[in-house]
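Undergrad: Protein chains in written order, with our numbering: chain A, 13 to 131; chain B, 13 to 131; chain C, 13 to 131.
Honestly, the hints are just simulated from the structure, not real lab data. Remember, predicted model here, so these are calculated numbers, not experimental data. It is possible that some hints are incorrect.
As the list makes no split between identical chains, a pair holds if one copy fits it or if it spans any two.
Below are the DSSO-like pairs computed for lysine-lysine, each with C-alpha atoms no more than 30 Å apart in a straight line [what the hints assert, rightly or not]:
#1 K74 <-> K93
#2 K93 <-> K72
#3 K15 <-> K93
#4 K15 <-> K72
The chain contents come next:
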Amino acid sequence: MTKIRRIDPGPRLSEALVCGDRLYTSGLVADDGIGPSVYLQTKDILRQIDSLLQKNRADKTKILKANIWLAEIGSFEEMNKAWDEWVVPGQTPVRATVEARLADPIYRVEIMFEALLDD
Amino acid sequence: MTKIRRIDPGPRLSEALVCGDRLYTSGLVADDGIGPSVYLQTKDILRQIDSLLQKNRADKTKILKANIWLAEIGSFEEMNKAWDEWVVPGQTPVRATVEARLADPIYRVEIMFEALLDD
Amino acid sequence: MTKIRRIDPGPRLSEALVCGDRLYTSGLVADDGIGPSVYLQTKDILRQIDSLLQKNRADKTKILKANIWLAEIGSFEEMNKAWDEWVVPGQTPVRATVEARLADPIYRVEIMFEALLDD
């Protein structure tokens, strides 16, 4: 029987969970204090997924899929600057980026990930 | 060879399908007669996923992931009221909620689920 | 140990990747020269996924899930015309379609797929 192992399960949602050999994350947003910079918010989200992966003995080369929502699509290149500095060329996930208003206007970017966990 | 078992397959899309130990749903919307209340539309969608899960010998604690689209992000707390009344604290899925115009303006909320089916 | 096999891995993202028995694609958009027709852009995206599936010994009946973003939800039926001509009735995937501004305004439709690869 396959187990679901939840990471930071809250009353509404879990920050992430592991099922089989997959890690799924909620839509991650930057820490509140980061300010409005899309570049800095993206860097903070990527730091969070790095940390989640590391705690599960994986790393960013195991990310399969990323869904990115930008509050303003005009910040596409600013988000990409943080992304391109971080991602490992040749070991990149699939990705889709679209504009969407997010739950709180202080967040300018939100990213949901799926990754492979494998021993 | 892994089979795909489709649930309510239509000419355009299937309401849900099972592949391996995963249940995938289309973006579910409320029944047409529900009216414009986001709270009631969300309750109706959650009733639909409960029914889908039950017919496949699972329940809401096996939901892995939910993608929620709101026609107006201002209805975030109204959607959450229905969600929070329904979800099992501590056994919550990952989730991302963003604003998006939906295919028909009578629908104010749409949710796509992925769940674990396991015997 | 499960391998990730990337298809057209770029420095930013991979067009698609295979992990276990699943094919994941990035958000696919039409070739630049297609022009603004949502019908023709959708047809071009569906041609791309057909090609990706064929190269991996699969076909469109193995698509599990499609996420569709339309730059204008008013083009829903125009997108569906191309979709309905292409999809195999009774063997349809789950699907969710919402409006979202896309990264480049020349693209009017973007589709992200997940499919079963099975020998």
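Undergrad: Take the hints in turn and mark each one as holding or not.
TA: Hints, verified against the model:
no.	hint	result
1	K74 <-> K93	within (21 Å within a copy, 35 Å between copies)
2	K93 <-> K72	within (17 Å within a copy, 35 Å between copies)
3	K15 <-> K93	between (37 Å within a copy, 28 Å between copies)
4	K15 <-> K72	both (23 Å within a copy, 14 Å between copies)
This entry satisfies every hint, going by the numbered hints stated previously.
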